[in-house]
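Taking the hints as your guide, dock the two standalone chains into a single complex.
Chains as they are written, first to last, in my numbering: chain S, 35 to 153; chain R, 125 to 589.
Since the hints were made in silico from the structure, they are not lab data. Since this is a predicted model, take the numbers as computed values, not measurements. Here a beta-carbon is modelled for each residue, glycine too, at the ideal position from N, C-alpha and C. One or more hints might be untrue.
[Said to hold, decoys possible] Residues of chain S placed beyond 10 Å of chain R at every Cβ, according to the derived structure: (1) L64; (2) Y66; (3) M69; (4) G76; (5) G78; (6) R88; (7) G89; (8) E93; (9) T97; (10) L115; (11) S121; (12) K131; (13) R144.
[Claimed, not checked] Calculated lysine-lysine pairs in the DSS-like style (CA-CA distance at most 25 Å, straight line): (14) R:K359 x S:K84; (15) R:K356 x S:K79; (16) S:K131 x S:K62; (17) R:K426 x S:K84; (18) R:K359 x S:K79; (19) S:K84 x R:K356.
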Amino acid sequence: MQEVGERMKKIEAIIRAERFEEVKEALKGLSYPGMTKSIVEGHGKQKGLKQQFRGTTFEVEFTPKVKLEIVVFDEDVPQMLNAITRSARTGETGDGKIFVLPVETVVRVRTGDRDESAI
Amino acid sequence: MNLRGSVTKIAIRGVLTFGLVCLIWLAWAGTGSVALAADPTGLGGTADTAIDYVWILVCAFLVMFMQPGFAMVGAGFTRAKNAGNFMTKNLMDFVIGSLTFFFVGYALMMGGDWHGLWGTDGWLMLGDYYDVDKYLNMFWMLVFCATAATIVAGAVAERLKFKAYLIYSVVVCAIIYPIYGHWVWGGGWLSSLPLGVGAVDFAGSGAVHAVGGFVALAGVIVLGPRFGRYDKNGKPRAIPGHSITLATLGVFILWFGWFGFNPGSTCNAHHLRIAIIALNTNLAAAAGGLSTLLISRWRTSKWDIGMLLNGILAGLVAVTAPCAWVEGWAAIIIGLISGVLMYASVKFLEARGVDDPVGAMSVHGACGLWGLFSVGFFADGTYGNYSVEAPYITGLFYGGGGEQLLAQFISGAVVVAWAFATGYLTFKLMDKAFGIRVSPEEELQGLDIQEHGTPAYPDFLAMPK
Numbered sequence: 035m036q037e038v039g040e041r042m043k044k045i046e047a048i049i050r051a052e053r054f055e056e057v058k059e060a061l062k063g064l065s066y067p068g069m070t071k072s073i074v075e076g077h078g079k080q081k082g083l084k085q086q087f088r089g090t091t092f093e094v095e096f097t098p099k100v101k102l103e104i105v106v107f108d109e110d111v112p113q114m115l116n117a118i119t120r121s122a123r124t125g126e127t128g129d130g131k132i133f134v135l136p137v138e139t140v141v142r143v144r145t146g147d148r149d150e151s152a153i
Numbered sequence: 125m126n127l128r129g130s131v132t133k134i135a136i137r138g139v140l141t142f143g144l145v146c147l148i149w150l151a152w153a154g155t156g157s158v159a160l161a162a163d164p165t166g167l168g169g170t171a172d173t174a175i176d177y178v179w180i181l182v183c184a185f186l187v188m189f190m191q192p193g194f195a196m197v198g199a200g201f202t203r204a205k206n207a208g209n210f211m212t213k214n215l216m217d218f219v220i221g222s223l224t225f226f227f228v229g230y231a232l233m234m235g236g237d238w239h240g241l242w243g244t245d246g247w248l249m250l251g252d253y254y255d256v257d258k259y260l261n262m263f264w265m266l267v268f269c270a271t272a273a274t275i276v277a278g279a280v281a282e283r284l285k286f287k288a289y290l291i292y293s294v295v296v297c298a299i300i301y302p303i304y305g306h307w308v309w310g311g312g313w314l315s316s317l318p319l320g321v322g323a324v325d326f327a328g329s330g331a332v333h334a335v336g337g338f339v340a341l342a343g344v345i346v347l348g349p350r351f352g353r354y355d356k357n358g359k360p361r362a363i364p365g366h367s368i369t370l371a372t373l374g375v376f377i378l379w380f381g382w383f384g385f386n387p388g389s390t391c392n393a394h395h396l397r398i399a400i401i402a403l404n405t406n407l408a409a410a411a412g413g414l415s416t417l418l419i420s421r422w423r424t425s426k427w428d429i430g431m432l433l434n435g436i437l438a439g440l441v442a443v444t445a446p447c448a449w450v451e452g453w454a455a456i457i458i459g460l461i462s463g464v465l466m467y468a469s470v471k472f473l474e475a476r477g478v479d480d481p482v483g484a485m486s487v488h489g490a491c492g493l494w495g496l497f498s499v500g501f502f503a504d505g506t507y508g509n510y511s512v513e514a515p516y517i518t519g520l521f522y523g524g525g526g527e528q529l530l531a532q533f534i535s536g537a538v539v540v541a542w543a544f545a546t547g548y549l550t551f552k553l554m555d556k557a558f559g560i561r562v563s564p565e566e567e568l569q570g571l572d573i574q575e576h577g578t579p580a581y582p583d584f585l586a587m588p589k
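If we strip away everything but chain R, and leave its shape as in the complex, we get (with noise of 0.2 Å):
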């Protein structure tokens, strides 16, 4: 008996080798005939993708530097009792959506289409995937995933529990991003809709921006206002950030990152539109900053330069989507627009409740919507779809009729139910299970010393209560 168990054994165990073996045979064979087609090497390589690879990787380290663009802005526009968890929460959504975007995001975003809906290949950058070509559109689409992410930081800022805050970069990164970016870029059912050419979005305005404003909001509403910014009465006080010229140094690197951020877009660095974007994404930044400060001076009689931040930064986020397709002037006309929009939009929030130290909502959002409605208008029909060729986009005021400005509504009006409510059910769920928001001593003395240990200032800025 024990003689024929152990055989029996034997030839189980047997059985089970061979079968694995022939499995992992079955899937190196798989992989390798699968290999013949993917160029990890970058053997296929000529002088003219090179100069295409040389532009995509520059353009892509610009958006990554927009990275501490955002936490300087966030940093500057908060008070210094908080800054060294900002600091965290901006680096850690970099480092969490690098590692999620590569194992899931990626994969669900730009892999074989399903439906419309999602992808469906290219976890872990695995087989087919590694790939040269793969690789550098998988490193470009990070960096725009994570500035999606980082958006929200300054939303929920000197309240929102740090562990939260590693939960959400996992979300955003692993499906709300990836998912809406299917839908207009990675051959999802928007970017198929039969108007015009489909719902587009040249760099991100709805993609990126309207994404990250929208889940931002989502936070903000969830948490609540932070303890003394209204009155007994419910009327708004500001609390003044801890430094304006940190603010300031951090939309001049946004400015400068986004002239990768745009231009870059083209992916192709043969597109010679690269120099009409660049030139669009200047003229609508000055644009919007413009037209802040001339509200805000009207509105409080004051130059107030806090509001002309968050303007220019308004002007960026609306170019963002129609900077291929217009011409200069439009450009000038959309960042006038934004920063009206981005300042009703403010106060619009403020009056309601909602505390967006930041204004991620009012700039990311609100403009986010604008810049892919304004495609519908503006498009005059010189580029096509990230293509010198036809077909080209034009919008209503340039005869293309509104099919195009009806594909733009509906994309807008999708990226602001998905990320609401994704980002409304992941703030919602995790407030339910261990509860988003610090406690009220915490938040009166800082997040710093409570959450990471140390102030960010120790030995340099007394600080007020």
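Bound-form chain S, shown alone (with noise of 0.2 Å):
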């Protein structure tokens, strides 16, 4: 088990809704298994952004983000972090972040399969 943990990693990126078509498509023909998409909010250093309504601001601290969560095996982490990146990036504030985790047990529902032939 151990050894398969080692072998499995789980990028989770958080990156700029208006980016995600152009993550995807640099994605394309890359080697990995799936894909799962959620929005989400949040905020980092910057600390949200000001918007104004009927004349008046307000913060918005937590700003709306999408968050892909792809499991790979560790030999094909490097060229998604590169894709994600190039792909993701403005140059501004509020580009995002990109982590990577062990992955300890994978299984897929329909069979019961595990680890990499549940990849």
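Put into structure tokens, the structure is as follows:
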């Protein structure tokens, strides 16, 4: 099991919602089994945005972002990170973060297959 | 003794019954003889009156359709968690207004005048009032009354208890609106001031909008601001509404409805002045929107859509009193000024801790007053007092002197005092009796679930806190 855990990683990329299509295009043709996308809210060091409504400003502390979750074999991680970073970047604050985490176990629900055969 | 007792009883009963029969007969004979004057059948109609009836009714239907306009503006400008509550309040002020105004309001407003103060007959539209003309007038006045009532909903949104809103609706439709309405429209003392032709208000900048606006101000002051509207240091923070799209739909509906509100107020399809009124109404709306948008852009460097929506309404409110008496260019000036005034009023109130989520006071109160005053400046002496015949109404800029303007100022001062005082009293008394504001927990959760059992969008939107 420990052996397996070292061989798979989960990539969590929090990116700008409006860059999602670019990122998806950039990932095409790379080797990954599947992807989960969710719409999340959060802030980084810059702490939210100023917006205005009926002439008065308000602070949006949590701005909407897209979170991608992808589990891949270790050797595929660098190219995934490259592709996501390149396609998600605008150069402005708020471009997001990518986290890479070890994966302990994978189960395919339909068959009960585990780990490499489940990914 | 027994026999004697029962004979006495029978005699008393007989006398009472006879008396009652006589009374009923007298009442019957009374209403019968009056009923000769009333025309419930509509037999007196001619082709000419039929045109007037259709004109007034179609316009009244348009004014009724301003109800969903107000509902959409208010809902769009507030949060999704209170949308169901807001819809219920908007429905109920029309429900309650329709009944209350029929029972009490119309009689106080349009019944036979008592010393210029209030009307005295027409309760339940009985007797003489069972008449096609009276019913037409009642329906026309009702849709205006309900407009005044619904203006307040937006100002007190997101925190006023539903029960308090029901009681408020009764008071405004039974007393607050009809009394001032009587003074200007029902033959009351303001309309017979010995200045110019007396105070005038063509379609109700004062009688409808300023009444609603100042009652709204009173309600907002008693309620206090919503949680989160000001930060710890008292600095204002906007609470964005949940749908600019709905708010915009509401403004378009109101703009359209106003083409019934203003031109219909001739109450006569034979006054071809309706063409001028319709165009003036439109010009002021456009001018109000434009001036507000430009100020927003200048002050905040954004093309602020929320302010633009308020600005269009500001122009419509302001032109409501003068629309029949001014030229097109004057309607534009009136609209441009109303946008500036509305914007200034929103900022002024906000800085003083008055939280009016939809700007009801600034749009309807401030611009309603401006509308009343503008008649005294811009009336050009080409249209009379709901009449194509003289006396024509002439303002300061057309050589009419200051008399009409003074009458307008008096009417404006009176509407502020009356609407604010009665509104304040209504909300304050309810607050003393049972507390008009929902609990803090309910305010945070939203009024929909606690008051009405379901959110407005159970399957559609995530509810942000």
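Would you assess whether T97 of chain S, listed as outside the interface, keeps its beta-carbon beyond 10 Å of every beta-carbon in chain R?
Holds: least Cβ distance 12 Å, greater than 10 Å.
So if I understand the rule, the pair passes when the alpha-carbon distance is 25 Å or less; does K359 of chain R with K84 of chain S pass?
holds, 15 Å
Please check whether the beta-carbon of G78 of chain S is more than 10 Å away from every beta-carbon in chain R.
At about 19 Å from chain R, G78 of chain S clears the 10 Å cut-off, so the statement holds.
Does G76 of chain S sit more than 10 Å from chain R, CB to CB?
holds, 14 Å
Status of M69 of chain S, Cβ more than 10 Å from any chain R Cβ:
Fine: 22 Å to the nearest Cβ keeps M69 of chain S off the interface.
Within a Cα-Cα threshold of 25 Å, do K359 of chain R and K79 of chain S meet the stated pairing?
Cα-Cα ~24 Å, so holds.
Nearest-CB test (10 Å) between chain R and R88 of chain S:
Check fails; 4 Å does not lie beyond 10 Å.
Status of the stated non-contact between Y66 of chain S and chain R (beta carbon gap over 10 Å):
Y66 of chain S clear of chain R: closest Cβ-Cβ about 29 Å, beyond 10 Å.
Looking at E93 of chain S again, its CB stays over 10 Å from all of chain R?
violated, 7 Å
Restraint check for K131 of chain S with K62 of chain S, where alpha carbons must lie at most 25 Å apart
Holds, because 20 Å separates the two Cα atoms, which is no more than 25 Å.
Does K131 of chain S sit more than 10 Å from chain R, CB to CB?
holds, 23 Å
Between K426 of chain R and K84 of chain S, is the straight-line Cα distance small enough, at 25 Å or below?
holds, 12 Å
When the structure is compared with the earlier hints, violations turn up for hints 6, 7 and 8 and for no others.
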